[in-house]
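> Okay, here's what each chain looks like letter by letter:
There are 2 protein chains.
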Amino acid sequence: MQVQLSHLDTPCLHINAEAMERNLQEMAHVAADAGVALRPHVKTHKSPSLALRQLEYGARGITVAKIGEADVMADAGIKDIRIAYPIVGAEKLARLAKLMDRADVSISIDSVDAARGLSELGQSRKKRIPVLLKINTGLDRVGVTPPEALSIGKGIAALPGVELVGILTHEGHALHEATLDGAKRAAREAGKAMVDLAEELRKAGLNIKEVSVGSTATARAIAYVPGVTEIRPGTYIFNDLNEWTIGVATEETCALTVLVTVVSIPAENRAVIDAGSKTLTSDLLGPPTGKKGYGYVKGHPDVTIARLTEEHGMLEVKDARKRFKIGQHLEIVPNHVCPVVNLADVMYLMRNGQCERQIDVLARGKNR
Amino acid sequence: MQVQLSHLDTPCLHINAEAMERNLQEMAHVAADAGVALRPHVKTHKSPSLALRQLEYGARGITVAKIGEADVMADAGIKDIRIAYPIVGAEKLARLAKLMDRADVSISIDSVDAARGLSELGQSRKKRIPVLLKINTGLDRVGVTPPEALSIGKGIAALPGVELVGILTHEGHALHEATLDGAKRAAREAGKAMVDLAEELRKAGLNIKEVSVGSTATARAIAYVPGVTEIRPGTYIFNDLNEWTIGVATEETCALTVLVTVVSIPAENRAVIDAGSKTLTSDLLGPPTGKKGYGYVKGHPDVTIARLTEEHGMLEVKDARKRFKIGQHLEIVPNHVCPVVNLADVMYLMRNGQCERQIDVLARGKNR
Numbered sequence: 004m005q006v007q008l009s010h011l012d013t014p015c016l017h018i019n020a021e022a023m024e025r026n027l028q029e030m031a032h033v034a035a036d037a038g039v040a041l042r043p044h045v046k047t048h049k050s051p052s053l054a055l056r057q058l059e060y061g062a063r064g065i066t067v068a069k070i071g072e073a074d075v076m077a078d079a080g081i082k083d084i085r086i087a088y089p090i091v092g093a094e095k096l097a098r099l100a101k102l103m104d105r106a107d108v109s110i111s112i113d114s115v116d117a118a119r120g121l122s123e124l125g126q127s128r129k130k131r132i133p134v135l136l137k138i139n140t141g142l143d144r145v146g147v148t149p150p151e152a153l154s155i156g157k158g159i160a161a162l163p164g165v166e167l168v169g170i171l172t173h174e175g176h177a178l179h180e181a182t183l184d185g186a187k188r189a190a191r192e193a194g195k196a197m198v199d200l201a202e203e204l205r206k207a208g209l210n211i212k213e214v215s216v217g218s219t220a221t222a223r224a225i226a227y228v229p230g231v232t233e234i235r236p237g238t239y240i241f242n243d244l245n246e247w248t249i250g251v252a253t254e255e256t257c258a259l260t261v262l263v264t265v266v267s268i269p270a271e272n273r274a275v276i277d278a279g280s281k282t283l284t285s286d287l288l289g290p291p292t293g294k295k296g297y298g299y300v301k302g303h304p305d306v307t308i309a310r311l312t313e314e315h316g317m318l319e320v321k322d323a324r325k326r327f328k329i330g331q332h333l334e335i336v337p338n339h340v341c342p343v344v345n346l347a348d349v350m351y352l353m354r355n356g357q358c359e360r361q362i363d364v365l366a367r368g369k370n371r
Numbered sequence: 004m005q006v007q008l009s010h011l012d013t014p015c016l017h018i019n020a021e022a023m024e025r026n027l028q029e030m031a032h033v034a035a036d037a038g039v040a041l042r043p044h045v046k047t048h049k050s051p052s053l054a055l056r057q058l059e060y061g062a063r064g065i066t067v068a069k070i071g072e073a074d075v076m077a078d079a080g081i082k083d084i085r086i087a088y089p090i091v092g093a094e095k096l097a098r099l100a101k102l103m104d105r106a107d108v109s110i111s112i113d114s115v116d117a118a119r120g121l122s123e124l125g126q127s128r129k130k131r132i133p134v135l136l137k138i139n140t141g142l143d144r145v146g147v148t149p150p151e152a153l154s155i156g157k158g159i160a161a162l163p164g165v166e167l168v169g170i171l172t173h174e175g176h177a178l179h180e181a182t183l184d185g186a187k188r189a190a191r192e193a194g195k196a197m198v199d200l201a202e203e204l205r206k207a208g209l210n211i212k213e214v215s216v217g218s219t220a221t222a223r224a225i226a227y228v229p230g231v232t233e234i235r236p237g238t239y240i241f242n243d244l245n246e247w248t249i250g251v252a253t254e255e256t257c258a259l260t261v262l263v264t265v266v267s268i269p270a271e272n273r274a275v276i277d278a279g280s281k282t283l284t285s286d287l288l289g290p291p292t293g294k295k296g297y298g299y300v301k302g303h304p305d306v307t308i309a310r311l312t313e314e315h316g317m318l319e320v321k322d323a324r325k326r327f328k329i330g331q332h333l334e335i336v337p338n339h340v341c342p343v344v345n346l347a348d349v350m351y352l353m354r355n356g357q358c359e360r361q362i363d364v365l366a367r368g369k370n371r
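As given, the protein sequences belong to chains B and R, one line each in that order. Numbering (my numbering) for the first sequence: 4 to 371. Numbering (my numbering) for the second sequence: 4 to 371.
Careful, some of the hints might be misleading.
You can't tell identical chains apart in this list, so a pair holds if it fits in one copy or across any two.
[Said to hold, decoys possible] Taking lysine to any residue pairs in the SDA-like style, the calculated list, with each CA pair at most 20 Å apart, reads:
id	residue 1	residue 2
1	Lys195	Pro149
2	Lys295	Arg310
3	Lys295	Asp305
4	Lys101	Leu8
5	Lys328	Glu123
6	Lys328	Asp143
7	Lys101	Asp12
8	Lys328	Arg119
9	Lys328	Gly158
10	Lys325	Glu151
These are calculated hints, taken from the structure and not from any lab test.
Using the sequences plus the hints, can you model the full thing?
What follows is the structure in structure tokens.
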């Protein structure tokens with residue numbers, strides 16, 4: 004029988020409630036100030052209670068990647084759900100149909116092929132499913148390039164059962180810039196390219212109402228590009244070492260830490276914690292940072308989490324036996340918080356050093 | 004409401020039942036042939052039903068890293084559980100006490116400090132908890148070095164409430180060798196060092212009954228070192244691209260694949276699958292291989308899974324639009340199967356192309 008674990012049983016995730024609330028407030032302010040809608044990506048927290056908190060802060064709706072995430076959010080009564088992911092295949096379309104019974108769903112797509120499945124579903128339900136054309140502004144992941152957008156956009160708009168309502172991008176390539184200024188410039192360029200493209204599509208007769216852009220790191224720059232209508236940041240609720248290293252977060256705004264225990268100090272230059280890749284993930288910091296290691300040990304800036312195996316984290320540290328004790332707790336700011344949360348069943352909401360409540364990561368593992 | 008998903012709703016994990024059974028049989032044969040006990044590490048499958056299958060194949064007991072894994076296995080009636088991990092702190096000791104009510108637990112430790120907690124627990128229960136001294140034979144993770152073993156072993160043996168029954172190592176450093184022959188030689192050297200150390204400790208009066216060693220990649224070499232009493236391989240049940248690349252597995256013995264769907268072909272040189280780091284993990288292949296990418300696409304040896312974001316996998320491929328279709332399924336052999344399974348709630352046991360049953364990954368996420 005599984006006992007209820009405590010917030011001191013490590014490794015586990017602690018959320019600093021005050022820091023999280025400030026993060027939510029700040030991004031809501033950015034969106035309001037820039038006059039754009041805020042549609043947070045819930046991939047970061049995967050928790051309906053936190054999505055509801057984002058809506059209380061004025062978010063128009065939420066963004067998800069997978070139908071499984073949307074199902075969990077719809078279970079909590081969230082109605083306005085954008086799936087920023089191509090929906091492909093009979094299984095997915097059947098599940099989407101059920102989701103549409105209880106939520107207002109819009110979907111991003113990047114091909115007429117993928118749009119056809121949605122078109123058939125829309126026709127069978129005698130409605131037009133709102134879709135946004137995904138644009139590749141430089142990340143080279145999914146999405147059509149701006150020169151391809153008109154012909155594919157027209158192809159989608161011509162289909163019955165779907166309504167092309169906008170264009171959408173994730174300007175994640177901005178993070179490949181070496182400096183924050185460079186990232187902001189790249190983000191603004193992406194925003195401008197999106198707005199220009201929307202105008203071009205409108206001139207060609209497409210009714211592009213929305214210009215939706217993404218990313219915590221770029222939101223504060225791209226939201227102010229005139230013509231952008233929506234931002235979809237995700238990580239901002241917690242931030243992480245990536246955002247901190249880029250310069251859009253600080254130690255104080257990193258609201259989620261991993262509480263770990265030193266379980267072994269087998270050498271003078273090595274201490275071992277009870278969190279490995281099954282807790283912290285193997286995600287490294289983004290390429291431009293040049294920084295190594297698997298997270299930041301709070302209070303110990305000279306210590307590197309040099310290696311991980313599945314359940315062990317190896318700290319490189321001078322005078323390990325003087326510095327640490329077996330059984331000591333440490334707090335780690337993870338490199339990339341989203342996949343770390345996705346490994347946890349629960350997070351603990353901490354306020355003034357006390358555990359206020361447990362937050363269930365109900366959409367954890369919902370990758371389908 | 005969550006619908007029951009099918010084995011064709013991607014991304015999901017497929018187990019080739021025949022390949023898995025052959026893998027189980029082969030390692031059972033190695034152990035029997037070498038005259039050592041087999042105590043599989045269940046970190047790979049995290050599924051009680053598969054642990055029970057390993058016991059049916061003659062395993063003496065199981066190995067786990069965390070108490071949470073042990074709890075799940077004990078729930079399934081498994082009695083002989085070795086925790087190859089230092090148990091540190093009040094929360095863990097309280098949970099260990101409950102676990103000991105229903106299973107025979109032995110524990111590996113590498114310090115007198117960690118042994119003291121176990122000693123108090125053992126005394127309070129008027130029994131001696133079996134412990135094994137963890138030895139660092141070269142991996143430089145946890146464990147004492149052979150020269151330190153005698154004094155620490157004596158310190159542990161002198162404590163009431165614990166019984167030092169053996170020594171234990173994980174010779175994972177053997178995988179840093181450039182060749183399989185090199186890895187086997189390093190494994191045999193580690194085995195010999197363990198046997199020699201056991202003899203030295205015995206001469207000094209310690210009652211070392213067990214010499215336990217680990218690892219799928221090294222088991223077939225180290226099991227035959229005279230004096231070794233137990234092997235603890237984990238990955239062998241499924242194998243993965245790491246084991247295949249090292250040379251101890253083949254495509255045919257890689258029993259677990261990730262079924263994915265091509266969701267976008269946005270460029271002639273790129274196809275995108277619906278599995279990213281939240282499915283395949285960011286684990287790369289071990290350093291000596293020099294190979295890149297995030298898994299092997301079956302039937303497409305020239306295709307590289309070049310980049311992952313959380314829910315996208317970017318395939319580098321020539322003539323992507325001729326080669327693949329949107330909606331097409333692909334099967335991927337993951338780099339490192341253990342953390343991949345740890346991201347899944349279920350696996351599908353496939354036989355002759357049919358889904359025989361769903362296997363719940365009940366110890367998924369049990370990192371505490």
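> It remains to establish, for every hint, whether it holds in the given structure.
Going down the list of hints, with the structure as the test:
1. Lys195 / Pro149: within (12 Å within a copy, 64 Å between copies)
2. Lys295 / Arg310: both (10 Å within a copy, 19 Å between copies)
3. Lys295 / Asp305: Result: close within a single copy only, 12 Å intra versus 31 Å inter.
4. Lys101 / Leu8: between (35 Å within a copy, 13 Å between copies)
5. Lys328 / Glu123: Between copies only: 19 Å across, 63 Å inside.
6. Lys328 / Asp143: Classified as between; 18 Å across copies, 47 Å inside a copy.
7. Lys101 / Asp12: For Lys101 and Asp12, only the inter-copy Cα distance (15 Å) is at most 20 Å; the intra-copy one is 39 Å.
8. Lys328 / Arg119: between (61 Å within a copy, 14 Å between copies)
9. Lys328 / Gly158: Between copies only: 18 Å across chains, 64 Å inside a chain, cut-off 20 Å.
10. Lys325 / Glu151: Intra 62 Å, inter 19 Å, cutoff 20 Å: inter-copy only.
Hint compliance for this structure: no hint is broken.
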